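Using the sequences and the accompanying hints, generate a full structural model.
Next come the chains, spelled out residue by residue.
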Amino acid sequence: MEHRGVTPRPADVPWVRTLEAPDGVWAVFLQARRRDAHVYVGDVHAPDAEMALVLAKENYARRDPCVSLWVVPARAIRATAGDAAEMFEPATDKSYRFGGSYRQQQRVYRGGYHAAPTEDDR
Amino acid sequence: MSTMPAAGDEPELLERFNARITSGDQIEAGEWMPAQYRFEAQRLIQMHANSEIMGALPEREWIPRAPTLARKMALTAKVQDEVGHGMLLYRVAETLGRPREEMYAELVEGRARFHNVFHYPADTWADVAIIQVFVDGAAMQTQGALRSCSYAPYSRVLKRICYEEDFHIQLGLDVWRALAEGTPAQRAMLQDALDRWWTPIIHFFGMPDKVSPHTETMLAWRLKVKSNEELRQQFLRRFVPIIFEYGLVVPDPGLRWVDAEQRYVYTEPDWDELKRVGRNGGPKSAERLALRQSFYRQHAWVREALSRWSTAA
Numbered sequence: 001m002e003h004r005g006v007t008p009r010p011a012d013v014p015w016v017r018t019l020e021a022p023d024g025v026w027a028v029f030l031q032a033r034r035r036d037a038h039v040y041v042g043d044v045h046a047p048d049a050e051m052a053l054v055l056a057k058e059n060y061a062r063r064d065p066c067v068s069l070w071v072v073p074a075r076a077i078r079a080t081a082g083d084a085a086e087m088f089e090p091a092t093d094k095s096y097r098f099g100g101s102y103r104q105q106q107r108v109y110r111g112g113y114h115a116a117p118t119e120d121d122r
Numbered sequence: 123m124s125t126m127p128a129a130g131d132e133p134e135l136l137e138r139f140n141a142r143i144t145s146g147d148q149i150e151a152g153e154w155m156p157a158q159y160r161f162e163a164q165r166l167i168q169m170h171a172n173s174e175i176m177g178a179l180p181e182r183e184w185i186p187r188a189p190t191l192a193r194k195m196a197l198t199a200k201v202q203d204e205v206g207h208g209m210l211l212y213r214v215a216e217t218l219g220r221p222r223e224e225m226y227a228e229l230v231e232g233r234a235r236f237h238n239v240f241h242y243p244a245d246t247w248a249d250v251a252i253i254q255v256f257v258d259g260a261a262m263q264t265q266g267a268l269r270s271c272s273y274a275p276y277s278r279v280l281k282r283i284c285y286e287e288d289f290h291i292q293l294g295l296d297v298w299r300a301l302a303e304g305t306p307a308q309r310a311m312l313q314d315a316l317d318r319w320w321t322p323i324i325h326f327f328g329m330p331d332k333v334s335p336h337t338e339t340m341l342a343w344r345l346k347v348k349s350n351e352e353l354r355q356q357f358l359r360r361f362v363p364i365i366f367e368y369g370l371v372v373p374d375p376g377l378r379w380v381d382a383e384q385r386y387v388y389t390e391p392d393w394d395e396l397k398r399v400g401r402n403g404g405p406k407s408a409e410r411l412a413l414r415q416s417f418y419r420q421h422a423w424v425r426e427a428l429s430r431w432s433t434a435a
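Protein chains in written order, with the numbering used here: chain F, 1 to 122; chain S, 123 to 435.
Mixed in with the good hints there might be a few duds.
As the list claims (entries may be wrong) - Here are some chain F residues pointing at chain S (derived, C-beta under 10 angstroms): (1) Arg33; (2) Glu58; (3) Glu89.
To be verified - Here are the in silico distance ranges between beta carbons for each label pair: (4) S/Lys332 <-> F/Val54: 44 to 50 angstroms; (5) F/Ser101 <-> S/Lys332: 40 to 46 angstroms; (6) S/Glu351 <-> F/Lys94: 30 to 36 angstroms.
Read the hints as simulated data drawn from the structure, not as lab findings.
Since we're looking at a predicted model, the values are computed, not measured.
Glycine included, each C-beta is placed from N, C-alpha and C at the ideal position.
Structure below.
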């Protein structure tokens, strides 16, 4: 599907939804240590981004480690619909995406000539 | 499940919802839920939010009178935690469909309920210590159990709240220790506070549950995880030994451990008092609500300034 920039998807795309939130609700993302990912920790009510960051610091960073905060208007977040969760279920065999599926070479190279050749080696 | 589909609840959706909860799944904000579930969850979380905000008041009274700077800083941190919990919880309650302003107005105008223990006075510094250990300790039993409730946003917030409540209990026990190791007057003050808080704490968990369709629904939907009596017993098992450790006397002469039943027997408290207090008829209800109202008025300019912040620059 084509996806241009941040243009909201039309409401009739069944697997895309907007998070319902009143005006002035900001989602807060906290990074506990440098180079960790920012993780969603909760919301604050604020009239603008600066105040949202001040309140986020007071509410989510007063005790445990934090090196960086992000705030995002909650309404600006687009999410996959809950009902669409099955689209993340592997529909087919995904073993070809995992390193563990490619052990034959180990048998060949580490096992030396003792390893019995298999179908894949021919 | 004993829930009857209400008007507007499509039977198929209700069936799928119930099946999800039975299987241990949790519901996220914005997902379909039956009207009755929304109502019960909203009421539960709003009451919890109210209690956090009102619970800050008795302890706040002691910030200016804390005996040392270290105690003053710790108590300030605790009160800030409680107000922060209120903020987190009102936001979660809001995801169930009521604006925060509306809920707050209901509290300030005395139309909403908050927990029984916050309707009582904190007369001495020892009361603060008893509140920190007993009220937070009691809340921890209820909230700890609810971490596995079915509404995911509430469950997430409760994890954070319980983590902070643990600090409050440890802080309170440190004040207990200081008083218990102190002068005879200090020990007497601690015992006196314990005597006065015993009944409200036994009340805290509510009356022993009657088997009712309502309780069954709440349990089936995991908006209630353990019965009132289970939680009270859990509290007694953890905290009665602590009372003895600190050389204090349990105020209830009828309290005893029954080994065969693995439970404490206690003297039945006056349950009418709990009902009276719950309807804002406690010794401090009117005063605390008046205080909350006056803060609400006094701080109007702060809310005003915040809401115009973005346009002022």
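Hints versus structure:
no. : hint                                      : in the structure
1   : Arg33                                     : violated (18 angstroms)
2   : Glu58                                     : holds (8 angstroms)
3   : Glu89                                     : violated (15 angstroms)
4   : S/Lys332 <-> F/Val54: 44 to 50 angstroms  : holds (48 angstroms)
5   : F/Ser101 <-> S/Lys332: 40 to 46 angstroms : violated (59 angstroms)
6   : S/Glu351 <-> F/Lys94: 30 to 36 angstroms  : violated (50 angstroms)
Violated hints, listed in ascending order, are 1, 3, 5 and 6; each of the other numbered hints is respected by the structure.
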